[in-house]
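Here's the letter readout for the chains.
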Amino acid sequence: AQSVSQHNHHVILSEAASLELGCNYSYGGTVNLFWYVQYPGQHLQLLLKYFSGDPLVKGIKGFEAEFIKSKFSFNLRKPSVQWSDTAEYFCAVMRNSGNTPLVFGKGTRLSVIA
Amino acid sequence: DVKVTQSSRYLVKRTGEKVFLECVQDMDHENMFWYRQDPGLGLRLIYFSYDVKMKEKGDIPEGYSVSREKKERFSLILESASTNQTSMYLCASSLRSIRRGLAGAEQFFGPGTRLTVL
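So the sequences go chain by chain: U and F. 3 is the number of the first residue of the first sequence in this note's numbering; add one for each residue after it. 34 is the number of the first residue of the second sequence in this note's numbering; add one for each residue after it.
Pulled out of the complex, with its shape left as it was, chain U reads as follows (with noise of 0.2 Å):
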């Protein structure tokens, strides 16, 4: 069965300090992948997606993350963060073919603090 794997549950960083949030999965065809984040009281949105192409993609609010195929894996970065990117991460994973859902990761909680 495919899954997702975020290897952090809870990181606490300094403002201005640089953020990678590791996320590898398990299926080996082609995929679909996302960063979706949770901001205290908010809906789910999402941040960022790779379907194909570069595999250095840019998000929203400065994110960026990076498909590395041999590894599995699409961390999420950025290289300063702020305050208020306090809040919950997950990567998701689809397979390229057909209606198949999202499998998500057990997501990452990030405190910023001042």
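One or more of the hints may lead you astray.
What the hints assert, rightly or not - Computed far set for chain F versus chain U, every beta-carbon distance over 12 Å:
id	residue
1	45
2	52
3	55
4	57
5	70
6	74
7	77
8	86
9	97
10	98
11	100
12	113
13	116
14	118
15	138
As the list claims (entries may be wrong) - Computed cross-link-like contacts, EDC-like style, restricted to lysine to aspartate or glutamate with a CA-CA straight-line distance of at most 20 Å:
id	chain 1	residue 1	chain 2	residue 2
16	U	108	U	56
17	U	108	U	87
18	U	51	F	50
19	F	51	F	112
20	U	108	F	92
21	F	86	F	50
22	F	36	F	139
23	U	108	F	139
24	F	104	F	55
25	U	73	U	22
26	U	73	U	56
27	F	51	F	84
28	F	103	F	71
29	U	108	F	71
30	F	86	F	63
31	U	60	F	139
32	U	63	F	92
33	U	63	U	22
No lab work stands behind these hints, which were simulated from the structure alone. Just so it is clear, the structure is predicted and the values come from calculations on it, not from any experiment. The beta carbon of each residue, even a glycine, is placed where N, CA and C say it ideally should be.
Go by the hints and put chain F onto chain U.
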């Protein structure tokens, strides 16, 4: 702009009650999904639907059923609520793959319903 709405933000029910959670999307999406979100467990898929009157079980369908009578509406039903169904329930929708072509199938989420079963 896609909008997915859920009938209630907060709901409190008693054990054994029948519970209906409603979800409506206004973007003519074929696919609709129900997830539950629990701390440390992420989002787990309960049921999904590719079209009217169609449904597929997700990873944790036990204790739940669904109804899709109209394209824009997808209902989650707890036949007899239990305390272990206390959770945040999220609805999502997306385009059918043949309509989205090569583009990735982004799912759009509703605000969630926080259900407490006493």
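Which of the listed hints are not met by the structure? 5, 6, 7, 15, 16, 18, 21, 27, 28 and 32
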